Structure formats: C-alpha cells, structure tokens
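Protein chains in written order, with my numbering: chain A, 59 to 353; chain B, 575 to 809.
These aren't lab readings, by the way, just hints derived from the structure by calculation.
You may find that some hints are simply not true.
To be verified - Taking beta-carbon pairs under 8 Å as the criterion, some of the chain B residues facing chain A (in silico): (1) ALA583; (2) PHE651; (3) LEU656.
Quick caveat: nothing in here was measured; it's all calculated off a predicted structure.
Ideal Cβ positions, reconstructed from N, Cα and C, are used throughout, including at glycine.
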Amino acid sequence: MVSVESITVNYGERRALDAVSLVVGAGEWHGILGPNGGGKSTLFRVLATLLAPNSGRFTIAGETVPAKIRPKLGVVFQSQSLDRKLTVAQNMEAQGNLYGLSGTVLAERTKKLLWQFHLNGREQEPVHQLSGGLARRVEIAKALLHEPAVLLLDEPTTGLDPTARREWLDLLTDLRRERELTVLMTTHLLDEAERCERLTLLHEGRVVTGGSPAELKAQVGGDVVEFGTKEPERVAAQYPQLNPRVGSDWVRFETPAGARFAAQAADALPGAIETITIQKPTLEDVFFRNTGARL
Amino acid sequence: MNFGLAVWALTRREFQRFWGERARVAGFVASPLLFWVVVGSGFGDLEFFFPGALTMTVMFSAMFSMMSLIEDRREGFLLSVLVSPAPRPAIVLGKVCGAAALAWLQGLIVLAGVFFTSLRHDVVALAGTAGALLLTALLLTVVSYVVAWRLSSTQAFHAVINLLLVPAWMLSGAIFSPVLSFAWVRWLMQANPLYYAQSLVRSFLVADAPSGGLAAVVLLGCTGLALVLAVRGTK
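Only chain B is shown next, with the shape it has when bound in the complex:
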C-alpha cells in the first residue's frame, strides 16, 4: 500500500542518514555508556535519579530531532517529498517514526544500566519501561515536528526548544518529587506532559510506585493531539 510504503521510505531514510555519519553513531552509543559509568560508581540516590536520566535521554534526543526539517523543507529533500503524491499524514509519520525510533533506542541503551541498580528489572518492568519510553519518544518527536514546521531558522528552533525543554524537564519529577513541592508547583507539574512520562516510567521501575494508568492515557492523548496539529501544519 502506498501509505505504508511512503512511511517506510522516510523512516528508512532517517536510519540511512544516521548510519552514514560515524560521529553521530559514536555519540549515540557513547553518551549512555558514560552514564553507566556514573551509575556504576554508585553516585547519589540512584533509585530516584535513574528513571529521570532515562526520560532525559529520550527527551533531548527526540526534542532536537527535527532541526533538520527546517532546512530540508526550504531547499532540500523535503521539497520533493511535498510534491509527491504521498499523503500528508504519511509524511508526518515517516519523519516522526524514524526519529522517535532513534531516540527510543538510545533510551534502551541507558535502560540496560538498570542492572547496576536495585530498581526492578524483571521482564514486565523492562517491557513496560520500554513501552513508556517509546510513547515519550513519539510524543516529543511530534512536538519537535510541530515546532520546526512553524519556524524558519535553526537558531530560532534551538531557542524555542530550549525554552520548552528546560522547564518541562525541571517540572517532570525527574529532579525533585512533587510530594516535596509547594501546591502551585505541583499544579504546574500536573499540567506538564513530561510529568506523566516520568510517572509512567517510575510505575514500572520503582517497586512501590503508584499505577501508571492515568499517565499512559494522558501521554496517548497528548501524542494524538500533537499528531493532528502536525498533519494540519504540513503544507
């Protein structure tokens, strides 16, 4: 089917580009390994920080993934994609799937470090966390797409993503727990999609954490909404 073929063509391209750049592959593998070293040395409160490090890895990788879209669209490969008969939703999915898969894989390398910790690492915990990271990667890649499509320079993209990313990460529960915060900080956290990504990951890894059912629903809803915005924005 043409829809699937177009999605596959664009997803495959992200991987082909990735493999073609040795520095990128090296950085991709090395940064999680560096993190293992820190984890292995027994630094700080691992039980608390490890889930935060997981989402952070996926978050940065996914949020900056669509930087290339800006130049690609003005003069480049994406122009010929836009004049092709590929349906707009297929174009969005193709761009998003490839980038999200890469961000997710990087998260999985970090996840392998869970064996150095006393966090849960049974099959259910690992599969559940992998699923949570995939959902997080998808959501943030789509957000990155929506932002990139509205901006005309990579500098502006960098600025806007940083503006979104830093507070979103601070208020995700990765650095401090909502239980310890003021009420208004708690409200802000509860309005932050990344808080739910963090909760979902914690629900699988931390033995006595609350269920992640609500978090999963919120993440799915946000991803769906972002996808609609992305398809509408693609002109």
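Here chain A stands alone, though its shape is the one from the complex:
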C-alpha cells in the first residue's frame, strides 16, 4: 500500500534521510520508531506530499504523483491543524469541502464520525474550548472524512496525558478492526510502537532494522539488567563478556538469567551499584542494541 524506495533528503549540507526504503502492506499498522531528530518528521513530510525528496521514489495506494496521492491519503499532524477559532462542525465542513465533499454526503459522514469518536453534542463548540484529548479526536475524525486508503500520523499522541493517550490508541485500534485502513505513523514512544504490527527503526536518517515488535525483541533475548552507578566504567570492566553498554551513570547488560546475575554483581562490587533494574527486552533495548543510542 505504501512503498518507499531509497529516499534521500538533504537540508543544505545535512543529510536528513539517507536512502530510506520501506514497504507497508495493505491493512497494516506500521510504525516509524526513532528518537527526535532521527529523520521521522522529514519522512512524514515527504510522504504527506509537503516535501519533494532529493532522490528516490515512493508510491502510496498505487499513486506516485502528489496530486493523485492526496485524495487517497489522510494526514494527522503533530501540531494542531484545526482552526481553533472555528467550531468542530465548521472545521469538519471546511475539510470536507477541500476534498470535494458537500451536502448530505458530508453531513452524514461528519455525523457518523463524530458519533464514533464520542464527539456528538460538541459540534457547535469552538475548538479552543476542547481538551487536548478531544481536539486530538477531532483531528483524526477530520482526516478520515474523505475515507482515505492510507492514514499517515506524525507523533499522534504527543502532548496528551497517559489516560488520553491510551483512549486515543484504543480508538485507533477499534477503527482498524472495522475498516480496511493502512496506518503509517511516526513515534518515539514505546507504548505507541508496541501497538504497531510492524516497525521500522530510523536513526540518523537511516533505516536501522525492521520487523514486528516480537521479532525485534527476540533479537535481544533473555533479560536486560541495568545498574545505576557512579562508577559505570568499573562495573562494565567486571563483565566484558556480557556486552556492556556504558552511560553517564548507568551500565546495561544482556544476560539469559537477569536475577542471578544482578545478585552476583551486587556481591562482587560492594557499594558500587546503587540501583538495579531487571526487565524483559523492550523496543528501547532493540534500538539501543542496534544504534548504541537511546530513544
């Protein structure tokens, strides 16, 4: 449904995207995971038809030309793209008109979407009076008005509190169950990334690795043990065989049996270890293993 072939984008001297390629199947929920500044937003701008890449090509819903892609693409921006001074209904109407919708078709679709997103009864409220979570729901309702084949989202839950974020992700999950919708979203949040069927990890403008969250975590295997310490170099030097990664005040090890190792290390290095964290590998560990950087 979406295919990206070797896209490169330069901002002056700086290379923001370096030969990025990825494929998103029909109906797939695909995440682009990476830290801020890793190239996600640039890739989003290219796919949203706002920025022409310096080289490479991409296809969305079988189309390659921006004018043909736009009617088939729904876009949700990281920043608010609603007019805060207009009401919910006025925003929906303007959006519908821009996609060639009007009259009863527009009225019915608006009604249905607002109902589906629990926004009925709020049509006449100005957007600036809505909470962040509600406004976010209007954003996605707006993006679905023209029934796009592909929904493109940029950091969709940025700025939401944890409850609103969970609600929002649940809505998106329901939505995908009910209609054949391909979703491509950028994120730097682990809980968002966990919901995706497949992920592409992006770092410094390059694709690092890709796969389902389970496949990616299997790359790490075992447990991840992190010690908080004032002497990270000394702790790391003790267990070179466990591939330690050293931070400013922490050391991280991958090991098949985390609890036993943590207890041994605490005995062997009295006073050096201040905190111990043992966990199953997360996507952050996958990212860390592949890039040496944190999300």
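Chain A is already provided as a structure; the job is to place chain B on it using the hints.
Chain B only, in chain A's frame:
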C-alpha cells in the same frame, strides 16, 4: 465543482474567524466611524483628503491581512489545506478573496461618509469607487500573500510590510498631488501601483478628474502578475 468549493471553504473560513472575534468586529466598524466624525467636523481640504482616506483604509486592512498565514502554514490549519487535493490556485484565491472582501467592506463603510462631502455621490460615482476599492483590496491582499509566504516570522512580516506601505502610501497621491512635485518624485509616483488606485478612485469621486482607464488597466495587470507569483510561491 471542486475548485469553487475549495475557494468557498477558505473564503467562508475568513468570515467565520472574523465574526468569532468581537474585538476585531468592533475595531472594524469603529475606525471608519471615527473617520466620519473627523469628516463631519469639516476638517481641512476634504475634497482632496477623502479619496486618500478611502484607499488608506483598504490598504492597511489588506496589506496586513496575511499575517496569520505565517503561523498557519508552519503549524496549523494551512498544513491540512496543503495536503488536501485542493488545487494551488484555489488555495491562493480562497485566502485572498476572504481577506480582500473584508478590507473592501471596511472601505465601503468609509465611503458612506461621502455624503458629508461635496464630492460626487451619484450611483455611477459610488459603484465606480466601490469597484476601484475592490480592485485595490485584491491587489494588496495578493501582495500581502506573496510577502507572507516568503517570510518565516510575523515580526519580519510587520517590518517588510511597513517598509513597503509607508513610501507607497506617501507616493500614492493621497497626501500631495503629483502636479505639485519635482519631476523625479512624479516618476516614482508613476511607478507605484497605489498611485493608480488613488487615481482610479479620484476619477469617480472628483468632478473634473481625468479618466481612470489607464489606472484600471495598470491595477488589473499588477493584480494578475501578483496572482501568478502567489500561485508559484505556494508550495
């Protein structure tokens, strides 16, 4: 048709935003009324200053109208307009039509003050002046659009518009007549589109003023040129 629908959606939005802000509506109506008071008190050489005040009202309103475009485009409503299938010329026209109509309406309120003066106020004079003000509003709104699209901050926009506006207004014939000026000032005036806006308005309101045919052609030409620049600049 999609083109017309997109233009209408964006024009309607300008009016909806306008009505939504009471302070803006109040200022919109009050400033021309204030001007009436001055006119009604019989201040100065009205025959000369009234057409100047008309174009000035439209000019300021139109030239500053696209300030919102700068923020709108970076993060805001305009982003979703740019990823929509609306054709680029429709986006330009939609933004421009709404703002130009507002500037024009404000000019019309001032124009109603013509009844306090001894200037022409028959149907032809009023309709002609209204047409001239509409053309002026359109031209300057498009210019404002072109400037706004090239700048990244509202502060810069403010500075550039002031830089353009003050000399353009001084040299429009609104403050002093070209007949009284040095030759080089006259040339500058003749290179200034606002001079033609001023001439066109005068041709309808002032009984013995020269015909505004050339002025209308120049204004139309400039507006067309500015529109082409605006559509090309919209990315």
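Hints, one by one, checked against the model:
Interface hint at ALA583(B): satisfied, since its Cβ lies 3 Å from the closest Cβ of chain A, which is below the 8 Å cut-off. Look at PHE651(B): its Cβ gets to within about 5 Å of chain A, closer than 8 Å, so that hint holds up. Interface restraint check for LEU656(B): the shortest CB-CB distance to chain A comes to about 6 Å, inside 8 Å, so the restraint holds.
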